Every structure is written in C-alpha cells, then in structure tokens.
Amino acid sequence: MASQPVPDLSPQVSDEVRKTTCYMCACRCGINVHMKAGKVAYIEGNRDHPVNKGVLCAKGSAGIMQHLSPARLRAPLKRVGPRGSGQFEEISWEEALQTATEWLAPLRATAPEKLAFFTGRDQSQSFTGWWAQAFGTPNWAAHGGFCSVNMAAAGIYTMRGAFWEFGQPDWDRTKLFLLFGVAEDHDSNPIKMGLGKLKARGARVIGVNPIRSGYNAIADDWVGITPGTDGLFILSLAHELLRAGKIDLGYLIRYTNAPYLVNAQEGPEKGLFLRGEDGKPLVRDRRTGQAVAWDSPDIAPDLANGVEIGGVTHLPVFRHLADRYLAPEYAPDAVAARCGIPAARIRAIAAEIARVAFEEEITINQPWTDFRGQKHDSMIGRPVAMHAMRGVSAHSNGFQTARALHMLQILIGSVETPGGFRFKPPYPKPPEAHPRPHAGHKPGQPLDGPHLGYPLGPEHLLIQNDNTPKRIDKAFSWEAPLSAHGLMHMVISNAHAGDPYPVDTLFLYMANMAWNSSMNTSAVMEMLTDQNPDGSYKIPRIIYSDAYSSEMVAFADLILPDTTYLERHDCISLLDRPICEAEALADSIRWPVVAPDRDGRPFQTVLLDLGARLGLPGMVREDGSAKFKDYADYITNHERRPGVGPLAGFRGEDGTGKGRGAPNPGQIEAYIQNGGFWLDHIPQEAQFFKPWNAAYQDWAVARGLYDSPQPYVFNLYGEPLRKFQLAAEGHGHRQPPDHLRERLIQTMNPLPIWYPTFTDAETDTAEYPLHALTQRPMAHYHSWGSQNAWLRQLHGHTPLYVSGEIWAQHGFSEGDWATLTSPHGQITLPVVRMDALNPHTVWTWNAIAKRRGAWALGEEAPEATRSSLLNHLIHELLPPKGDGLRWANSDPITGQAAWYDLRVQIEKAPAGQSVSYPAHPAQASPLPKAPRDLAHQVKG
Amino acid sequence: MTSLPPPSARKLGLVIDLDTCVGCHACVISCKGWNTENYGAPLSDMDAYGASPEGTFLNRVHTFEVARDTAPPMVVHFPKSCLHCDNAPCVTVCPTGASYKRAEDGIVLVNESACIGCGLCAWACPYGAREMDSAAKVMKKCTLCVDRIYNDNLPEEDRTPACVRTCPAGARHFGDLGDPDSDVSQLVAARGGFDLMPEQGTAPVNKYLPPRGRDTLEIPDLASLCAPAPQAAAPSAQPTGLLGWLDRALERL
Amino acid sequence: MHPAPSLILFTVLSGLGFGLLVWLGFGLRAPTGLGAIILFGLGYGLAGAGLIAAAFHLGHPERALLAFTQWRSSWLSREAVLALAALAMMAPHAASSAFWATPLPVFGWLGAVLALATILATAMIYAQIRAVPRWHHWSTLPVFLLAALAGGAALAAQTTLALWLMAALAVAMVVHWVAGDRQFAAAGSTAGTATGLGGLGRVRLLEPPHSGRNYLLREMVHEVGRKHAQKLRLIALGAGAALPALVLALSGGYLAVARALLAHLGGMLAQRWLFFAEAEHVVGLYYGKR
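Residue numbers (our numbering), protein chains in the order written: chain H, 621 to 1560; chain L, 1050 to 1302; chain G, 79 to 368.
Bear in mind the hints are in silico, worked out from the structure with no lab data behind them.
For clarity, every value in this text was computed on a predicted model and none was experimentally measured.
Treat the hints with caution; some may be incorrect.
Stated by the list, open to error - Result set (EDC-like, lysine to aspartate or glutamate): computed pairs, CA atoms no more than 16 Å apart in a straight line: (1) G:Lys367 <-> H:Asp1219; (2) H:Lys673 <-> L:Glu1206; (3) L:Lys1186 <-> H:Asp1553; (4) H:Lys698 <-> H:Asp1219.
Isolated chain H (complex conformation) (with noise of 0.2 Å):
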C-alpha cells in the first residue's frame, strides 16, 4: 500500500492582516481582512470586535467579491442620452465636480430649498447631514423613514431608547425571549450570536411573524400571526397580564409615568400632566391624600387613586391604562380570530410571560444608587426579553404597535433590569436631549439648526403659518408629526408633483430610488424622466453618487462613483449610528485596505471638495481654501460640540482621552493599532438601571454623551402625543388642517392603541384576500448581493411563496407561476408551497429582483427572468378618496412608509408562463461586459 499523500497543513494565510469594518450591510462587524501580494484574499471575523466577536455572516465573508464586482463604476460619468437610457459618457472629476458646483452654487445663493439632498443606506448621516446644513437645504435625511422610523421614534418617545443600536437584549441572562415580525434584516450577527446563546442554555424562544423562516424556524413556539395585528395581540397579552395582577409595581412606581396624574378638567390642558407651579408633574403620595411633585422625596406614589379638585377627579395614568386595557375588547377572546392566534395560545404566552418574569426573577449582587440617592443593595431583573424590528414597524399602525411593545416590556419591569431590555450608550437619550427639527432657510446661509429631531408639540413642527410643509418630503408636517428620519419614500413623488414647491436638483447618495428603495417602482421611473411640454425635464437636475452600477445610474444626469468599502475612510461614529454594546461605548473606522484601481472616489471626500468650491461654512478656510484634505482629515480634526468630534476613542494630544479631548492627529493610526475600533467598558455598577443610575448618569457626562445627567422616567403615558390631539379637538394657536383632525384624534393617542392598517380599513378585503409580505434573505443586503458572485447563487429569484390551503384552491403545481395583483398592479412569480404560513399570507424575497442591465448582470439573468418587486404593488399613496387630496400610504405619526400593509389576490399565470412580470426593458451598462467564469485566487 502505496503511503497517504501529504498535504500542506501549514500554508502561510497572508503576508498582512488589516483590521477594518464590514460595509455588506448595517451591522457594522470588525473583519480580519488578509492580504496577499497586495491583495485582497480572505475575509474573516474580527474576533476582538464588540459587535461580531471574530462570526461573520454570508455577505460579509463574501466582501471580496462585492470588492471585486464587475457592477463597480469606474469614472464619472454624464449622461448624453435620454434619462433612464443608461447612455454615458466617462468624464474627468474635475469636469464632474465642476458641473456640479455650477448646478449648486445658484440654488445656494438664491433658493438653498431647491436642493433635495436624500442618502440612502449611508453610514455618514452625522457628516451628509452636517453638509446639508451648512449648505442651508432644509431637505435631506436618510432612508429611515423607509425603514424603521416606526420604531425608532416610538422607542424614544417611550422609553428613550429603541432596538437594533439602541438596545438589546440581555442575550446571557434572558430566560424568555419574545420575537415579534421580520427581523432578519437588521443586527444581524448580534441576533444570531444571541440566539445562539439562548438555544445553548435551552431558554425558550417565542417567534411572532406570519412566516415561520430564519430565525422563526427555531423558535421555540411559533405564533403565526395575521399582519397588522400586531398591536392587538400584545394589548391582549397587556390585558392578561393586568386581569392576573403580573406587572411589577414598584418598577412602574419608581421609574415610569405610571403614577403621574393626568389633568381632567375640560379645556386646553386636558389630556396634559397635572403641574405644580415649578411645572413638576404630580402624582397622589397614599400617605397623605395630596398631590406632590412626582419626585419629592419620601412619598408612596399611588397607582390607584385620583385627587379631586375642583370637584374634578385628575387619576393617574396607571388608572387609566388599566382601565383601557381591561376592557373586554382587548381579551384574548375578542381578538383571537383577527389576530389569527387562538384564545387559549395568547393566554398561555402570557401566562408564561408571567411566569418567567416573576417566578425566575434574577438578582445581581451589585449594589447601585438611583438618581433619587437612594441606595440598592443588588440589580433585580424580570428574564423576558423581546426585539421587533422591520416586522412591527413597516404598518400605518406601526408606532403605536412599537409602542404597545414597549409598554409590555415596562409593565413587567424588564427595561434595563438583568434578563430583560438593555440600552447600548449613547442611548438612553430622552427626546428632550434630542434636538428639534429645523428647516429655517434663507439664501447663502446655512440652516439655522439640525434637520431632524424629535417634536415635542404642534410648536415643533416644520410648516408654513398655512399649514404647507417646509420640507419636500412633508416631514413633521401634520401629515407626519413625528417623521424623526424624514420620509425619503415621499421626495420623487412630491418633486414630480410640485408639491409642496418643485426642487431644481435632486443629489443622491446610495438610494436605489429607482427601483427597490420606492413603493411603486414603475411610476417612479416614470416621475424621474417625465417631462414638461418644453421638453426640460420636471425634475431639472439629478445628481447620483453609488460605488456600483445601480438601477439608480441611468436616471441620474450626473454620476459621482464611490468606492467600495474597502478604499476608504469612515467612521462608525457616536454621533451617528454607533456599534456599542450594552456593556459598552463602542466606536470604530473603516480605511483604505486597498488603494482604488479605478477613477472613483470615496463619497464623504468629493462631498468636501465639493463644500469647499461652494464655500460652506466649516468646509473652508477664512483664504476660501479647502478645510480639509479629505474624509480621514474630518474625521480627525471635525468637533461637533469643542473636545467632542466624529470618533470618541484616542482623543486629546496624548491620545489617552474618552469620549471629550482635543483633535488627535494620531486619532486614526490609533484606532487602526487596536484593530479599527475603540471599547470604553461601562462601569459594573452602572451596567443596568441606566436612566436611573446616578453612576451611569455620571458616567456618561464625562464621556461627552450628554453635557449634565438626564435621568427621566419612562413614558407610559405620551404627553407629545396629546398636544397633538389637543390641538386637533380645536385648542391651541397652531391649528391642523380640517381632513386631519379625525385622524389625529384617533391615532394620537397618548396610550398604545391598535387600530387597522389603513390599507385593511379601505380595501375589499372579499376582492383582495391575501397579505403580501417580503423579507431580506440573510445572505443579501437590499440590492447589493446580487452582483456578488457568491451570494446571488444562494438567492437569485424571488418566488412567490404560497399555503398548502391557497396552493390547493388554486391547483398549483411544481412549476407553476402565479399572479399577484393589488388595487395598484401587477407580479407574475413563480410559485413554491410553504405551509409554515399563516394562511392568509404569501411571501416573496425583497431587493434580488434586478431590471435588466443593471448591477452588470447578464440580461437573462434569473434577477430580471425570474424575479419581481412587491414594490410594484404598492403605491406611496392610499387609492384616492374623491377628496382630491393626496393621502400617503404612511404611518400617520411618522410617516413610515406602510409597505407590509400591503394587500392582494392570486390567481394562477396562464400555462406557459415563464418570464417574470412585469418586464421593463435592459437599461444600458456604463460598463464593460463581466467575465463569464471565476476561479479567483489570490498567489501569495
């Protein structure tokens, strides 16, 4: 017998290791990126980062070929055909940045309003937006308001603090953890690693979502829900757990608005908190009968009982809380059949609710003090820890569902106690320390504050003394008070109509807004290159940087190419999103790993040439020279507030500062020495109670992240929310529009409520039957990972998933296609069985399906062949009501875009069907043809 070969046990990996930040989605996890003969070659976890501890998913360990992709645009371009042709033609970046200071200079000089400047998934909105300002637009903001502002805003006005980077839940103590809606999409690796560790100690996991897939197939118990009654099924449980007795009082004593009385006596405060004269909230102190400041020292604030005065009975809000969801309209009974969930299943979860947040109560021997000074000798903590993200969120009842959520999560005391919730710093922020919303502009000047922010009443809101919204996307407008991101979704369609007022030029950054970041991707093609009798076009000018060859290119007129994330500066900054963990201050970089081997350039770094050939304040020197050299140059030397900039960690001249500290030359250098990030560990005996705990409190402040202690209490209870409803019940000076006042009155409710999606309660629901959900394949990131040429083999159609029930009505059979069809339009998919599925919801994968040439894919690519949107569905619009006015398809707090309120009916594609509907035809490629086959080794 011949003798076993020997292979090669020990090959050197790569001659260097160059530590930096993941960009193949939004979780923002540190990679070990190795290189070989300058190349790059193997992707891998960082395991010293905080976010992903050394995992990486799917596309981020295909990076390299995201680096690598032939999608990547190679020079500016202008474009010399017709608008959506795709006809190019390479120009230098002189010429490009040029055109563009001879676009913006005169709007900036005469109507800085007439830039509409939207980012996309950008990871800059600190900088994009600090650009927009000094520029004096008031019209920009990021894709929040397509994402998740729902929970976000909800989160804030609730408890200062909301999912995904503002919180998490305590993965190594949780003992119940309850997952509501799609959440796939977002923190990723975090998610899984704690699910992970939930599934290695055997807690249990409860998935609530019409689909049972990704992380629902491993769910413990499975709660197939109807979409968009997410909100009734928690109130139920809220219900249960009320009925029962199983909320924790003293939790709601101490740390929320529960005992606060609310003023009853008719008139303009009603709704309002009960004041002392020192404008302090009252509450009802048991001992004495009397109403006392909510914080008065030595008192027992009552839940129960009311003060009378005036012969008026002011009670707490805990009175009316229970009240509300005691009635019978929220028992399990009563919204069993509408949530799909059987009576007897909701009060079982909340029984097990119940269960393991009191009788597996957890303590932690560490001793803390509140901000009352009163002392605690250990951390008790409720082991029930839910998460909801896009799920919840993307509904027109989605606010008030998050904030349902988020009661729940309060009433049992599992908000910042071991076991439950817990914020990651910067957060818990109130709304308070937040900034308002600012869209004060005037021609050459910079605005006269941030865009967004956080209303506080109707005095905060961005409109003209008429009413017009101030903002082009009709942000914290009455039709969306609370649009704290902004509503991206709206702009094209609200430029195309002129309204409120046209825009000349509309800058994007990373948006595929011409595909599958809009609802209604066919008419908005159409908007981008629709044209007035003149032949000019309605929206003049359109400006677009992206790294890659987008559906976004060929509507552009002007294209500023990115670089991939790979050859370039960024920072993953406090002042942004940031990656902390909940133990943690966290912030990190990305740097060039690699140098560009094209004519692009990374966006934050053209966006400053382009400040300073403007002139913006901040970019230029009192010469009128450039400020900053580039991006890396920002990041170091930009101070937001003095002694606090872009990256926390490695401040001051010696490099030792946290948080506050002069600019550090060496900033970065030091950051990329410690692996491209910076960890700042909380102290133990600030790690929970974070809003109360004097010692987090203080913490904080000498980390820069808020300026004095801001302790608060949880709002149960939403003031801002009333204000709203007081004004529409006709009070106040600032006054909404007549056809809104219903439904600010119904909405605006200052406790959770559920009502039907707007989409529900307008459509025939005989005619369309069915839901229709999408959701992101772990292994894609929107758009991108389809010209990934990993990934898009994992994923590269989108069928229709359908019910056995459905499957068998509509005698469906391998192969099949089928049609979708919803008061708007039209899909024709392929169809596949899936009987994990609620029944009266179908489902297909978002953001794979691709228009022909686009992304630099071959045109018979299954992408485009085999492939649709939901997003032709959906209108960004409701269907109109004879009113003639334009009702957006939009949470009405937030404006979110409603996109899973989405209805329709199937029918099966006549035989022989098989190509996707519908078809637009190929958009030109500004680039070459992509190589057919890889075998891509790097040689050392």
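Got chain H sorted already, so can you dock chains L and G onto it with the hints?
What follows is chains L and G alone, placed relative to chain H:
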C-alpha cells in the same frame, strides 16, 4: 491507497445543531472563501454574472419543512458537507488513489494532482458531499479545513474549520468524535445526536443534533400564577376589583 | 443519473467488443487471415472505442495511467486493469490467428476469461454503488454480461447462440427493471432518513440550498417521464433483444445477422440511456427529487 485505513481512534468531525441553525449561509460562504484561497484549486463559478450561475461549494444549506398532524409545520435549516464517514464509499471506488481517508484523524481528502475527474466518488457518496469543479476538472470536497486545524501560522484559537469559526449562531461544533469524553461527543450524547442515512452503511463521523420540541408551550391557568388574584376584569370603578388589589399590593411595597 | 452519451457509448461499445473477444478467445469461432483481422479488429476496435469514449468522461485523461493502481479496492481500476490484461492476453492469439492462421487457445482462453471479467467489472462499477439503489442489485450483472455476450455472439455470427443469449438478455432486462423499480423503496432511504427528521413528521424540501443548479443536480438528478420510460423500455426490450432473437430465429446469413445487430445496438443504446436516466441517486432526497 484507496483501501480504507483501519478505523482511527481519533475521528475529527462536525456536530451540527439543527435546533440552532437559522439558515444564514454564513458557513457556506466562509467555506467558499477559505477554500477558494487554499487547499488545491480555487472553487470556481461558471457563468458567474449570467443566466445560470453555477459554482463549486463544499457546504450547502438546505431548508426542509416538516408537516405534523397535531402541531404547526416546522422549518428546519439543514447544512450539509462531507461527513468524513468511517466506511467512506467515495474512497474505495477511486481508481487512482486520489481519494483517501487519513489514517491519523479520519479526514477524507482528495489529492487533486492524482484526480482524473472521473466523478465516480461523487456517485458513490449518498450525501452529495463531493462536487467536480468545472474549471479545474478535479473533485472538490470538504477538507475539514485540514489546512487550518493543524496550521502553525494560525493562532491556536483559529485552528478550527472556517465554517465553525464563522457560524454566528454557534450551531456548528468541531472536535474528536472518537473520544467519548470530548465536548462534541458529550454534546452528541446529551442531545441525541444522529447519523444521516444510517441505512447506507457509511458510518458517518459528523453528527446532527435534532431540533428540540417545537410548539410545546403548555397552557397553564394564568390565575393560578397569581396570588391573590385581582379578578379585575370589571372596570376599575369597583373597589373590589383592580383597585382593591392595587391597594393591597401597593401597601406591601 | 445523468445519461451521459460518453458513458452510454462506452458501456455499449466496449461491452460489444469484449463480448466478441470472449467468443473469439474461447474459439467458438476461430477465424484466420483476413477474417481474423476483421473480427479481432472489430473486437479490439469496439473495446478501444469504448475506452476512448470513457476517457471523454474524464476531467484529466492525461492522468489516466493512475487508474491502473487501485485494483485492490476500486472496480473502476479493476476494470481498467482487466481490460488491458484481456487485450494483452488475447493479443498473441489474435495475431497468431490473423498472420499465421494458428490460434493459440491458451492465450485465447485466458484472454476470454479476462474479457468476461472485464465485462463483469464494468457492471460492478455500477452495481457496487449503494447510493443508486436501482443499480445496487445482482440483476445489473446479467444485463451487462448478457448484453455483451449476445451482441458479441451476433457479431461473431453465432446465430443460435446469439438467439438464446438475446432471449436470456430479454429476461435479464425485464428482471432488472422489475427489481429496479422496487429497489429504492427497499433501500429504505427517504427524506426522513436523509435528514434524520422523519420521526418528527413528513419531511419535504422547502428551499434548495442554492437557487440555481449545481454539479450534483446535473450529474445525479435526472427526471424521466413515466410514459417516456415505458416507451423506451419497450424499444430496449424489442429492438435490443426480442427483435434480434426473432430475426435470428427466422432467417440466417450475414444480412440477418447485420439486421439483428443493428436492432440490438439501437435497443441497447436505449437500454443504457434508461439504465442511467431511471437510476435515482439517494442524493435526490436532499433536493426534493424523488
């Protein structure tokens, strides 16, 4: 050479936890990345950007649905790669000796320089663990990252297969299944780990852990969890209901 | 399994060639001179053509010599070794018959035994594969053996022998189909055993691992319509065995032999196509193809 060696005491392999796998494909792509850059020919992709992309992958994740009579259907994500069988049929069929099972640790490998690309080993494998690379025309398969697990150029903690290192949910475990005291063997014993297609007689080394019971939440009486029961379903105007309970509860605080 | 033309041609042609060599070796027909050149040439030619066709199936034919090394364990290697040994062993007999009109029976007999063994080794390449239950059955061997011997006998114009072998081949084919149709179930592999989830309920593929195709699907999952298969079985049975038997029974002479052979060859191509196309690999269970 293609005769199987006597069973080794050391049996390196994977344990895959079907209770935990979320089906994210991280292991698939991490494997693709490592093995494109290491061990033998790169894993190629034909028609990479065209109508029928088809690449070589050593690890793939399937998804199955399990219909049950009295409970909702389950969905199970199912990663599959070479199981490094003790009785590996792919090895003995190889006419050239390219396919072999290592005597010291049981890893099944292909010596690519001796592979004639006849494909018979792939036929012999019941699990679909081998794929012929269309560019290199040699048989590719999971090497259990033999060039990682013994690699002196990697830090000790990284000497584990790429798929295991990267798995975000921790659903993949690597170790010596020949040692009954190893962590992986203990896990298999504790969780009832099983073989795939035992009837094929391949004696796989890799084991799978079954999904735990699903949808088992019992339906307890909520009131029984609560003493004293507030019985507060009636509006709070009645002091015996919620108010009474609240009064008593607040007194105790 | 994918019915690769190279493999269909290889098995049919080399079978025929070695079948003919068996009869020439055993001396059932002992041609000399030109007759020997033609007949041995045919035998060597067909066997060689089959081997060349097989080489087209290889990714690296330049390394084919390595295939002679693993005869201890591998049926494919054994087949290569046996084929070469048979051809080598038969060579003195063939040459001597052709050029010196002197058959060398010892070499002939030994060569014939080796040729028989080669045919059996070819059959064993398939029959050994447990993962393809239809093949993994004793009835695979008689089909290969009788097809080679019947075709070889016809080529050698041994009409009576060919007639009986054709009849036997017909029986072997039917037995192989009837048994084969039950083999998958008998093997006991199901989606339940493939995933180990069978105890939990009825297992069904929801999503394949990749949305596109892959080597495994191309190579090992071939779906053939039931009606189509029935038709081909009739053609295989009729043209491959029954018709040649009938022709040989009713008439004699080279024309009849040629007609019988032509029908046989066509029928055997159909049979061999079905042999692959109908064979389901258990890996199909992981792809919902079963």
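Structure-based check of each hint:
1. Using a Cα cut-off of 16 Å, the hinted pair Lys367 (chain G) and Asp1219 (chain H) is violated, with the two alpha carbons roughly 49 Å apart.
2. The straight-line distance between the Cα atoms of Lys673 (chain H) and Glu1206 (chain L) is roughly 13 Å, inside the 16 Å bound, and the hint therefore holds.
3. The straight-line distance between the Cα atoms of Lys1186 (chain L) and Asp1553 (chain H) is roughly 14 Å, inside the 16 Å bound, and the hint therefore holds.
4. Restraint check for Lys698 (chain H) and Asp1219 (chain H): the C-alpha separation of about 14 Å stays at or below 16 Å, so the hint holds.
In summary, the one numbered hint that this structure violates is 1.
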